[in-house]
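Trainee: Can you build the whole structure from these sequences, using the hints too?
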Amino acid sequence: MSEQKRTNGPWKVALLAGMASYLDAGALISSGLAIGTLFEESMHLSDGTVGGILGVQTLMVAAGAVLGGRSGDRYGRRKVFTLSLMLFAAGATVLIAATGPAMVWIGATVIGAAVGADLPASLAMINEEAPEGMKGKMVALSELLWGTGILVASLLSAITADLGALGARILFAHLLVVALVVLVLRMTLGESAEWARARQTTATADKTAADSAGRGRPGPVFRKPVIAAVAATGLYYAAWGVGANTLGQFGSYIFTHLTDHSAATWSLLSLLGIPLAAGTGLILLRVVDTSARGRWFAVGSALLITAWALPVFLGPTAATLAAASVLLAASTGLAGETMYKVWSQELVPTLLRATVQGTTFAFNRVVAAGFAFATPALARHHPTLLFSLVLALALGASLIGLLWIPRLSKARELDHRPPSSDVRAVDISPEVIT
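All residue numbers for the sequence shown refer to this note's numbering, where the first residue is 10 and numbers rise by one.
Among the hints, a few may not be true.
Computed list of lysine to any residue pairs in SDA-like fashion (alpha-carbon distance at most 25 Å, straight line) [what the hints assert, rightly or not]:
1. 21 <-> 288
2. 419 <-> 244
3. 146 <-> 415
4. 419 <-> 335
5. 146 <-> 329
Label pairs and their calculated CB-CB ranges [claimed, not checked]:
6. 64 <-> 18: 35 to 41 Å
7. 375 <-> 182: 29 to 35 Å
8. 143 <-> 53: 50 to 56 Å
These are calculated hints, taken from the structure and not from any lab test. C-beta atoms are modelled at their ideal positions from N, C-alpha and C, and glycine is treated no differently.
Mentor: Laid out in C-alpha cells, this is it:
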C-alpha cells in the first residue's frame with residue numbers, strides 16, 4: 010500500500026478548520042440579536058416566530074452535525090467542510106438580503122445546518138493532521154477561536170444595536186466575509202492523510218467479513234468498545250451544556266427578571282469573563298498533551314461546580330449571578346466543551362470519529378433545546394430549583410470526566426488492534442458505516 014503522507018501544515022489546518030468554531034459562535038450571537046431584536050420590528054416578527062426561528066436553527070445545528078459527521082467519515086473531511094462553508098455563505102447571503110419572515114426562516118435554517126455539518130469534520134481534520142504530542146493542543150485552539158467569535162460578534166452587536174434591520178445585515182455581512190475568506194483558504198488544503206490511509210486500508214479488507222459483521226447487527230458506533238466513548242462524551246457534553254446554554258441563551262433574561270439591573274449591565278459583566286476564558290485556554294494549550302492535563306481539568310471542574318453552587322446556596326442575586334458568569338467563563342478553558350472536543354478525537358477510531366462527534370454534538374443541542382423550553386418559567390417562579398438542577402448536572406458531568414473517561418481505550422489502541430482481537434466488532438469499512 011502506498012503511504013499517504015501529510016501534505017498540510019498542522020497549524021494552518023488548526024486555524025482554518027478551527028474557524029468552524031468562530032463561525033458557530035458568531036452565528037449564535039448574531040442570530041440571537043438580529044432575529045430576536047433587530048429584525049423583529051421591521052419584519053413584524055411575533056414572539057412565537059422569533060422563538061420558532063431560533064429553536065429550529067438550534068435543531069438544524071443538531072441535524073447538520075449528524076449528517077456532516079457521517080458524511081465526513083464516508084467521503085472525507087475536506088469535501089464536507091468545503092461544502093458546509095459554501096452552504097453557510099449562502100445562508101448568510103439570504104439573511105443579508107431578507108425582506109420578510111420567509112427569508113429569515115430560510116437563512117437561519119441553512120446557517121444552522123451548515124454550522125452543524127462543519128464542526129465534526131473540521132475537528133477531526135485538526136486532530137488527524139496534528140503531529141503526535143500536539144493533537145490536544147491544536148484541537149483546543151478551536152475553543153479559543155470560539156471565544157474570539159463571541160468577542161467579535163458581541164462588539165459588533167454593541168455597535169449595531171441601534172441600527173435596526175441595517176445592523177442585522179451588518180452582523181451577517183461580517184459572517185459572510187469571514188466565511189468566504191476561510192473558504193478560499195481551505196481550498197488550498199489537501200485531504201486528511203490519516204483518513205485517507207484508514208479509508209484505503211478498509212477498502213482493501215475482506216469485504217465478506219465486513220458484510221457479515223454488519224448484517225443484522227447494530228452499527229459500529231453502537232457496539233463495544235466505541236459505544237463507551239459515545240456514551241461518556243455524549244453524557245458529559247450534554248450535562249455540561251445545559252448550564253452553558255442556560256447562562257448563554259437566557260443569562261440576560263434571568264439577570265433582568267431576578268435583579269433590579271438592566272440587560273446592558275449583564276452584557277458588560279459577561280465581557281469580563283472573556284479574558285479569563287482566554288487565559289485558562291492558553292494554560293490548557295500548554296498542558297493538554299501532558300500528564301498535567303488531569304489536574305487542570307479538576308481545577309476547571311471545581312470552578313464549574315462553584316459557579317453553579319453560588320446562586321443555589323447564596324440565592325440568585327446580582328452578585329452571585331455575576332460571579333457565576335465569571336467563574337463559568339474561567340472554567341471553559343480547562344473543562345466543558347474544550348475537553349469534550351479533545352476526548353472526541355482521542356477515543357474514537359479514525360473512520361468513526363466525525364460520526365461519533367456529530368452524534369454527541371447533536372445530542373447536546375437537543376437536550377439543551379429541550380431544557381430551554383422550561384427555563385424561563387423556572388427562572389421566574391422557581392429559580393433555586395433551576396440552579397439546583399444545573400448544579401446537579403455539572404456535578405454529574407465532572408464525575409464522568411474525572412472517573413469514567415480516563416479509563417476508556419484510546420483511538421490508537423482501537424485502530425491498531427489486530428482483526429483477531431475482541432475489537433473485531435468495530436468494523437469501520439464504508440459499507441458498515443453506511
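Trainee: A separate judgement is required for each hint: does it hold in the structure or not?
Mentor: Against the structure, the hints come out as follows:
1. Our distance criterion of 25 Å between C-alpha atoms is met by residue 21 and residue 288, whose separation comes to about 22 Å.
2. Annotation: proposed proximity of residue 419 to residue 244 holds, straight-line Cα distance about 18 Å (limit 25 Å).
3. With a C-alpha separation of about 18 Å, the suggested pair residue 146 and residue 415 falls inside the 25 Å cut-off, and the hint holds.
4. A C-alpha spacing of about 33 Å is found between residue 419 and residue 335, which places the hinted pair above 25 Å, so the restraint is violated.
5. Of the supplied pair hints, the one linking residue 146 and residue 329 is violated, its CA atoms being roughly 33 Å apart against a limit of 25 Å.
6. Between residue 64 and residue 18, the C-beta spacing of about 40 Å keeps the proposed range 35 to 41 Å intact.
7. Distance hint check: the CB atoms of residue 375 and residue 182 are about 31 Å apart, consistent with the given range 29 to 35 Å.
8. Between residue 143 and residue 53 the C-beta distance comes to about 52 Å, which sits within the given range of 50 to 56 Å.
The earlier numbered hints that this structure contradicts are 4 and 5.
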